[in-house]
Amino acid sequence: MLLLLASGSMYAQNSPEMRRSGITYTSPGTQALQADDSQNPGMLWVRDGAQRWTIPSGDARKSCADCHGAIATMRGVAARYPAASPSSGSAASAAGRVITLSQQINRCRVEQQRAPAWPPEHADLLALESAIAFESRGLPMAPPAQPALSAAQTRGEALYRQRIGQVDLSCHDCHDRLAGKKLGGNTIPQGHVTGYPIYRLEWQAVGSLQRRMRGCMTAVRAEPYAWNAPELVDLEAWLAKRAAGMRIESPGVRP
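In this text, residue positions in the sequence shown follow my numbering: the first is 1230, and each later residue adds one.
By construction, these hints were calculated from the structure, which means they are not laboratory data. For clarity, every value in this text was computed on a predicted model and none was experimentally measured. Honestly, I wouldn't trust all of these hints.
[Unchecked claim] Calculated cross-link-like contacts (lysine to aspartate or glutamate; reagent style EDC-like; alpha-carbon spacing at most 16 angstroms):
(1) 1470 / 1386
(2) 1470 / 1405
(3) 1291 / 1340
Using the sequences plus the hints, can you model the full thing?
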């Protein structure tokens, strides 16, 4: 049985004025590490991604820059994902399936570069996603208004509130009701997704939001969804809506 020690606020409300980035729950040293780009280890992935942006790949021998221009054109893109495919705001996207930013990167890789998709957590995929997210740092998260995305957000919220695993906890139980309290010696954050892809000291690497969510599922002794499973995409869609208006801080740093 997990012991929950009461400390901090009684409940974490999701109203805009009470939302807190996960970095505010960390030590001063971790906060300083994130704030200083010369020390933030996640910047290594950002720099790798910025380089890969210009490297031709696949049978098409095309780079990301060949289609999109300089990576600075990606400013604002990460703030809008997950989104309905093929492109945010188009007529086709209204009825399209919802995809994450990493899935869109792989889609471009397959369809435009004619290269094989990278597997989840591949170093090059994380690097490109980190570089694109970095271009939106400081912007508010702004999920687009799309019927398909709205449906995914609704499904994601239901999953967020669903108790799972032998520990019988939901995301809501930890990150809303118990945020600020202690669980296994660690302070429970509100779980906002403003820092992803994120560098975690326990990983000694940058990782995706799906990696973190699957880790949480394992922690409550539940079987994690498969990589890129519809349920994980729906959860990402809800978490983006939950954090709407909060500033992107990628690459974040966490314990």
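Hints, one by one, checked against the model:
With a C-alpha separation of about 10 angstroms, the suggested pairing of residue 1470 with residue 1386 holds against the 16 angstroms cut-off. Between residue 1470 and residue 1405 the CA atoms are separated by roughly 15 angstroms; this keeps the pair inside 16 angstroms, and the hint holds. With a CA separation close to 11 angstroms, the supplied pair residue 1291 and residue 1340 stays within the 16 angstroms bound.
Checked against the numbered hints listed earlier, the structure breaks none of them; every hint is satisfied.
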